[in-house]
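Single-letter residue listing:
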Amino acid sequence: MLSLCYNMCMKNTVRLLYTGELRVNEVSAELLGQTNSAQPTFVNCRAYRVLLWTGVKTGSAPLQYTVRGGDQHGWQWTHTGAITTGANQWFRVAVKMPRRTEWLRIEISGAAQTVRSKIVGVRG
Amino acid sequence: MQEPIRLTRREMLKCILATPLSVALAGLPTSRVHAQISEFSPPEWEWLLLWEGRALIDNTGRDIRGNNANAFATVSHTVNYSQLIWTGYKMGNANLEYQVLARSVDFTGTPIGNGWFPIARGTVTTPAQRWFRLLINEAHWDEYRIELRSPSPQIVHSRLLARWDYLPK
Chain Z
-7 MLSLCYNMCM
3 KNTVRLLYTG
13 ELRVNEVSAE
23 LLGQTNSAQP
33 TFVNCRAYRV
43 LLWTGVKTGS
53 APLQYTVRGG
63 DQHGWQWTHT
73 GAITTGANQW
83 FRVAVKMPRR
93 TEWLRIEISG
103 AAQTVRSKIV
113 GVRG
Chain W
4 MQEPIRLTRR
14 EMLKCILATP
24 LSVALAGLPT
34 SRVHAQISEF
44 SPPEWEWLLL
54 WEGRALIDNT
64 GRDIRGNNAN
74 AFATVSHTVN
84 YSQLIWTGYK
94 MGNANLEYQV
104 LARSVDFTGT
114 PIGNGWFPIA
124 RGTVTTPAQR
134 WFRLLINEAH
144 WDEYRIELRS
154 PSPQIVHSRL
164 LARWDYLPK
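First to last, the protein sequences are chains Z and W. Numbered per this note's numbering, the first sequence spans residues -7 to 116. Numbered per this note's numbering, the second sequence spans residues 4 to 172.
Each hint should be verified, as a subset may be incorrect.
To be verified - Stretch-level coverage of chain Z by chain W, calculated; a stretch enters the list once three of its residues show a Cβ under 8 Å from a Cβ in chain W:
hint, stretch
1, 39 to 53
2, 73 to 86
3, 106 to 114
What the hints assert, rightly or not - Derived SDA-like pairs: lysine to any residue, alpha-carbon spacing no greater than 20 Å straight-line:
hint, chain 1, residue 1, chain 2, residue 2
4, Z, Lys88, Z, Arg38
5, Z, Lys3, W, Arg166
6, Z, Lys88, Z, Arg41
7, Z, Lys3, W, Ser85
8, Z, Lys3, W, Asn83
9, Z, Lys88, W, Glu141
10, Z, Lys3, W, Trp167
11, Z, Lys3, W, His80
12, Z, Lys88, Z, Thr58
13, Z, Lys88, Z, Gly116
14, Z, Lys3, W, Leu170
15, Z, Lys88, Z, Trp67
16, Z, Lys88, W, Asn140
17, Z, Lys3, W, Val82
18, Z, Lys88, Z, Gln68
Said to hold, decoys possible - With the C-beta cut set under 7 Å, the calculated list includes, among others, these residues of chain W facing chain Z:
hint, residue
19, Asp61
20, Val82
21, Asn83
22, Ser107
23, Asp109
24, Gly116
25, Phe120
26, Ile139
27, His143
28, Leu170
FYI, nobody ran anything at the bench for these hints, they're computed from the structure. Cβ atoms here follow ideal geometry from the backbone N, Cα and C, with glycine treated the same way.
Let's have the full structure, built from the sequences with the hints guiding it.
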């Protein structure tokens, strides 16, 4: 009964943002394949404090990723990193937002390989 | 006529715990108890029981439910949980090696890759018939597998709890 009450007046902190497969190469690509560097991958992101990105990459070469936060007036912050796990190994990247922004854009590049991944946003 | 106050067992327990012990023992109602009732609000998180039971653990890599097929998860649909607590009670003296594994799934519930992501591993060295506890902080995965190995077979009782955080709507 109490759980029902919680479900009616409270909401979960986690929301699924993306799940999919991306063919990566040396040219930096946005997660959804958009070529215009001003376009966001996700919008309405102000509620999220952490992005959890989990997945598997098929190649052994490391991948470089860039996460940008901003809005229609431009990108305000950038976070970069590398995924260094081996071929067909799982990875997990936790991106803590330095600042709440409406838009997020995720780009990835590296030696040719496929990445299957999932991103959830943690609110709060 | 005033409506009777209806309380669930959980709310009643909260009232009792919030009452000074001497007052509770005397059985006298106090204004503090009524304050607790009127100020009751949903908590920001709760602990949920995911699984409780026992299994015979040997050296074949069984999970806490006794399943030695590595492809199967111990618990699923766990993305909302921010922490897990595994408490156990082992019946034998032999050390218990554990490995906490996790993976994500796609929209259809299929894992997005083969194998598992290792979160934690270690050894439970408590003697026979003692409790142990493990806190798993790296959470928000879709599925977990807690795999155990024991050099000599022994029964291990387990209870797996998960913390579910809420936000006000």
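Okay, the hints, checked on the actual structure:
1. 39 to 53: It holds, with 4 qualifying residues against the three required.
2. 73 to 86: holds (count 5)
3. 106 to 114: holds (count 5)
4. Z/Lys88 / Z/Arg38: Distance of about 13 Å is within 20 Å: holds.
5. Z/Lys3 / W/Arg166: 14 Å, holds
6. Z/Lys88 / Z/Arg41: Distance ~6 Å between Z/Lys88 and Z/Arg41 Cα, so the pair holds.
7. Z/Lys3 / W/Ser85: 14 Å, holds
8. Z/Lys3 / W/Asn83: 11 Å, holds
9. Z/Lys88 / W/Glu141: With Cα atoms ~14 Å apart, Z/Lys88 and W/Glu141 stay inside 20 Å; holds.
10. Z/Lys3 / W/Trp167: OK: Z/Lys3 and W/Trp167 at ~10 Å, within 20 Å.
11. Z/Lys3 / W/His80: 16 Å, holds
12. Z/Lys88 / Z/Thr58: 13 Å, holds
13. Z/Lys88 / Z/Gly116: Judged against 20 Å, a Cα distance of about 12 Å means the pair holds.
14. Z/Lys3 / W/Leu170: Judged against 20 Å, a Cα distance of about 5 Å means the pair holds.
15. Z/Lys88 / Z/Trp67: Since the Cα atoms of Z/Lys88 and Z/Trp67 sit roughly 16 Å apart, the hinted pair holds (cutoff 20 Å).
16. Z/Lys88 / W/Asn140: Measuring from Cα to Cα gives roughly 16 Å; hence the hint holds.
17. Z/Lys3 / W/Val82: 14 Å, holds
18. Z/Lys88 / Z/Gln68: 15 Å, holds
19. Asp61: 27 Å, violated
20. Val82: Cβ of W/Val82 sits 6 Å from chain Z, so the hint holds.
21. Asn83: Nearest chain Z Cβ about 5 Å off; hint holds.
22. Ser107: 4 Å, holds
23. Asp109: At about 5 Å, which falls below the 7 Å cut-off, the nearest Cβ of chain Z leaves the hint on W/Asp109 intact, so it holds.
24. Gly116: 3 Å, holds
25. Phe120: Because about 4 Å separates W/Phe120 from the closest Cβ in chain Z, which is inside the 7 Å limit, the hint holds.
26. Ile139: Interface hint status for W/Ile139: violated (13 Å vs cutoff 7 Å).
27. His143: Nearest chain Z Cβ about 5 Å off; hint holds.
28. Leu170: Interface hint status for W/Leu170: holds (5 Å vs cutoff 7 Å).
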